[in-house]
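In this note's numbering, the protein residues as written are 797 to 924.
One or more hints might be untrue.
Straight line, CA to CA, 25 Å or less: simulated SDA-like cross-link-like pairs of lysine to any residue [what the hints assert, rightly or not]:
1) K897 to P850
2) K897 to Q885
3) K822 to I800
4) K897 to I884
5) K888 to N899
6) K879 to S846
7) K854 to V805
8) K906 to R862
9) K882 to K822
10) K898 to L821
11) K879 to A913
Derived from the structure by calculation, the hints contain no laboratory data. Treat the numbers as computed from the prediction; the structure is a model and nothing was measured.
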Amino acid sequence: MVEIIIQYVLIVFLVMGLAYLAYLLKDKDSNLKDDYFGFASVILGSLTTSEFTPENAKTILRIISRVVQNVEINYRDSDNALKEEKAIQLAKDATSLLGFKKNIDGESLKYLIRVAAALLPPTNKAIK
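I would like the entire structure built from these sequences, with the hints used as guidance.
Structural data, given as structure tokens:
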């Protein structure tokens, strides 16, 4: 009998949690189809509300992708930590040219650079 009551209480908490999540998403006026796998909230969270658009997220993702490709081509034999620092610096410089009131923080750039590096085409090296 106690187990059944506990199950009902847990179901009620689950429904309340889902309702609260729906409330938060509606309150932020976030559209999940324009979130680009969660990257838009990471990028746009550090921007002002007037700069909070999916088009800006696309532009920033494209810039970071090009920066990572450029760093991989020019610093092919360098250490990954050096490549990451160089990519962060170049990405900061490139995104500052967009004219946003607030720049994207370094941690967000670091995560996006790591994802962009993981999505690069494979090299001809054998996987060990």
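Status of each hint after checking the structure:
1. Between K897 and P850 the CA atoms are separated by roughly 17 Å; this keeps the pair inside 25 Å, and the hint holds.
2. For the hint pairing K897 with Q885, the CA-to-CA distance comes to about 18 Å; that is within 25 Å, so the pair holds.
3. Restraint check for K822 and I800: not satisfied, since their Cα atoms lie roughly 33 Å apart, outside the 25 Å limit.
4. For the proposed pair K897 and I884, the alpha carbon gap of about 19 Å is at most 25 Å, so the pair holds.
5. Our distance criterion of 25 Å between C-alpha atoms is met by K888 and N899, whose separation comes to about 8 Å.
6. In summary, the hint linking K879 to S846 is not supported, as the alpha carbons are separated by about 33 Å, beyond the 25 Å threshold.
7. Between K854 and V805 the alpha-carbon distance is near 43 Å, which puts this suggested pair outside the 25 Å criterion.
8. A hinted pair counts as satisfied when its Cα atoms are at most 25 Å apart, and K906 with R862 qualifies at roughly 14 Å.
9. With a CA separation close to 39 Å, the supplied pair K882 and K822 exceeds the 25 Å bound.
10. For the given pair, K898 sits about 24 Å from L821 by alpha-carbon distance, which is consistent with the 25 Å threshold.
11. Our distance criterion of 25 Å between C-alpha atoms is met by K879 and A913, whose separation comes to about 10 Å.
Hint compliance for this structure: hints 3, 6, 7 and 9 are broken, all remaining hints hold.
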